[in-house]
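There are 2 protein chains.
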Amino acid sequence: MGDRSTIVISGWQSMSYLSDVGNICWFLEPEFTKQVRRLHQSVGNAVTEDRHIVVGTGSTQLFQAALYALSPPDAFEPISVVSAIPYYSSYPSITDYLKSGLYKWAGDAYTLKGDEPYIELVTSPNNPDGSIRQAVVNRDGGTVIHDLAYYWPQYTPITCLADHDLMLFTISKCTGHAGIRIGWALVKDKEVARKMTKFIELNTIGVSKDSQLRAAKILQVVSHSCEQLGYPEDSESFFKYASRLMADRWDRLRDAVSQSGLFSLPEFMPESCNYAGEMTTPHPAFAWLKCEGGIEDCENFLRGYNILTRTGKHFGAQGNYVRVSMLDREETFDMFIERLSNIRL
Amino acid sequence: MGDRSTIVISGWQSMSYLSDVGNICWFLEPEFTKQVRRLHQSVGNAVTEDRHIVVGTGSTQLFQAALYALSPPDAFEPISVVSAIPYYSSYPSITDYLKSGLYKWAGDAYTLKGDEPYIELVTSPNNPDGSIRQAVVNRDGGTVIHDLAYYWPQYTPITCLADHDLMLFTISKCTGHAGIRIGWALVKDKEVARKMTKFIELNTIGVSKDSQLRAAKILQVVSHSCEQLGYPEDSESFFKYASRLMADRWDRLRDAVSQSGLFSLPEFMPESCNYAGEMTTPHPAFAWLKCEGGIEDCENFLRGYNILTRTGKHFGAQGNYVRVSMLDREETFDMFIERLSNIRL
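As they're listed, the protein sequences go chains A and B.
All letters in the first sequence, in the order written, are residues 7 to 351 by my numbering.
All letters in the second sequence, in the order written, are residues 7 to 351 by my numbering.
Chain A on its own, in the form it takes in the complex (with noise of 0.2 Å):
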């Protein structure tokens, strides 16, 4: 689909730091704001009704945003954020990094003491594990933020209409375009719209506008491809397409794992997708891989055979586990799977 999202940006466009100086996020392009509410509806995967776009370089700069956004400004503690393991295994630095005295890597959700104010991490479906989550802490003084970069056709069965208070998304797991570093918020409070912009004018004094337009133009094209306008009928749409590609590789992964018996894998039961209108199953982003059979440090064990994974102690939990990109190149892919099939003990 390269030439239908083709943009063109003169020399002349886009120079102002400004975008939209009535909204609340005035960095924000009125026509990315206009395919990200489109794009939402096209596939109900979350309300965009009453509620506030924040677009941001990427979710991972948005996350931070919704930290400062929900810390309280003048404790005399930094605020605990915590996520339920095995978490997304970037989350303790970007909250630790600057040792900031707003918020502080809690870890752990289950774990969480006291009674403290703190902010919970929930995302669904699970980087790394695929499974669809929901809050563990609930208690007073929590804010939840609600990381659904993976909530997408191609990934899950979209069962529901997300409608939590602060919903983050990213174009580089809806479509792949990472480089972009296009992300956006949905957020319902407006005071907390306006902290999560207040900290990316400080950070980067807005969003690339060039990023904006090139992300709405993508948004637009996979838009129109679900609603087939301009498509031959019976056309397959980009979230079609890329679910039959996630479940080949998918099917390739068991078939390999059931073949040296070494691993195993989650096992996700079929739900009706109300984008799909069928059941269907979920094919996660990542696969997390568990070594079976004694082997402790499945990250090495597989290094050894020239397999690259992340070891599940980055997402706080055990060395026999490990997270494997199912989205890799195709030929990188493909070398996996022989590399995979053919370990023996």
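Just to be clear, a hint being listed does not mean it is correct.
Identical copies look the same in the list; a pair holds intra-copy or inter-copy alike.
Here are the computed lysine to any residue pairs in the SDA-like style, where the Cα-Cα straight-line distance is at most 20 Å [claimed, not checked]:
1. K110 - F82
2. K194 - D114
3. K246 - E233
4. K105 - S137
5. K105 - E83
6. K40 - T315
7. K201 - I100
8. K40 - C232
9. K110 - I138
10. K196 - K319
11. K204 - S96
12. K319 - G283
13. K246 - G17
14. K201 - S96
15. K319 - H170
16. K204 - Y94
17. K110 - P79
18. K204 - H320
If you are wondering where the hints come from, they were derived from the structure by calculation, not from laboratory data.
Since chain A is already given, all that's left is putting chain B on it; use the hints.
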């Protein structure tokens, strides 16, 4: 020059997080590097040989990356960050908004006490007053960040090839493309470049490729205009054109100021500009306007005449000073000059 600087990006282009895996700054587009080095060579304003280039989401992100890189990671107290008054009004808030344990704003460089380590920010030409600056603390344990955003021929004579350890530039002040959100650092020390890259990885997982490619194209057009490549002989370079506009605006401002008799402006001496090959006079991006005759709140006084400025207090100075943008759109600038000329007590 809209047509010459147009870029076209197809949907399949620049999808990955990665740009140049062999480079310390692994998200740096090689074409952007090439055009940065070339432009500095055309203009003669900064050394790029034996320098690492780190790209950022504007120089604001690079400033924070530099603080992160230059702060001792395990110090008991955050390192002091200082700048001589009047300093860029955003430095204090950008330094302190996350209440980092690594660094803290400590105000005017002239009043820094003790013998602890420090980081000094030197903006030259200076925002807000256009003066040429050097470090003022100059003792052991200090490092300096040189913010050279305005060190381009339209603002100031290029009197020397800057060769400091850590220099920041941004396309927003070079060509006016603020909405692209691209800056770059020229960094002597490999370890500092590596830590700055790490900061940007944690902060935004790299920098928009679309923006880097567009910035590269625009810088190339500017270099071509300097070298008269593809232009009629005798054609005016981008910088000569912009210098002429700036000189005209400053002439009009000085006229208006002399008519009212209520204000004064900094005086600048002509100096030999290596780029222009002749004596040129500074024409800064901001006018540092002083209210004479006992008016203590110059911002408020001017607001009474529908002129919006920023009080000197934000820059660590007195309220009888204000900063005025010399870079606004023509019609806004015309209106400013008209209103200023008509002020009579």
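The hints, checked one at a time:
{"no.": "1", "hint": "K110 - F82", "result": "both (13 Å within a copy, 17 Å between copies)"}
{"no.": "2", "hint": "K194 - D114", "result": "neither (26 Å within a copy, 41 Å between copies)"}
{"no.": "3", "hint": "K246 - E233", "result": "within (12 Å within a copy, 51 Å between copies)"}
{"no.": "4", "hint": "K105 - S137", "result": "neither (31 Å within a copy, 35 Å between copies)"}
{"no.": "5", "hint": "K105 - E83", "result": "both (12 Å within a copy, 11 Å between copies)"}
{"no.": "6", "hint": "K40 - T315", "result": "neither (38 Å within a copy, 34 Å between copies)"}
{"no.": "7", "hint": "K201 - I100", "result": "both (19 Å within a copy, 14 Å between copies)"}
{"no.": "8", "hint": "K40 - C232", "result": "within (16 Å within a copy, 40 Å between copies)"}
{"no.": "9", "hint": "K110 - I138", "result": "neither (25 Å within a copy, 41 Å between copies)"}
{"no.": "10", "hint": "K196 - K319", "result": "neither (38 Å within a copy, 30 Å between copies)"}
{"no.": "11", "hint": "K204 - S96", "result": "between (23 Å within a copy, 13 Å between copies)"}
{"no.": "12", "hint": "K319 - G283", "result": "neither (38 Å within a copy, 61 Å between copies)"}
{"no.": "13", "hint": "K246 - G17", "result": "between (37 Å within a copy, 18 Å between copies)"}
{"no.": "14", "hint": "K201 - S96", "result": "between (23 Å within a copy, 17 Å between copies)"}
{"no.": "15", "hint": "K319 - H170", "result": "neither (30 Å within a copy, 42 Å between copies)"}
{"no.": "16", "hint": "K204 - Y94", "result": "between (25 Å within a copy, 18 Å between copies)"}
{"no.": "17", "hint": "K110 - P79", "result": "both (13 Å within a copy, 16 Å between copies)"}
{"no.": "18", "hint": "K204 - H320", "result": "between (31 Å within a copy, 18 Å between copies)"}
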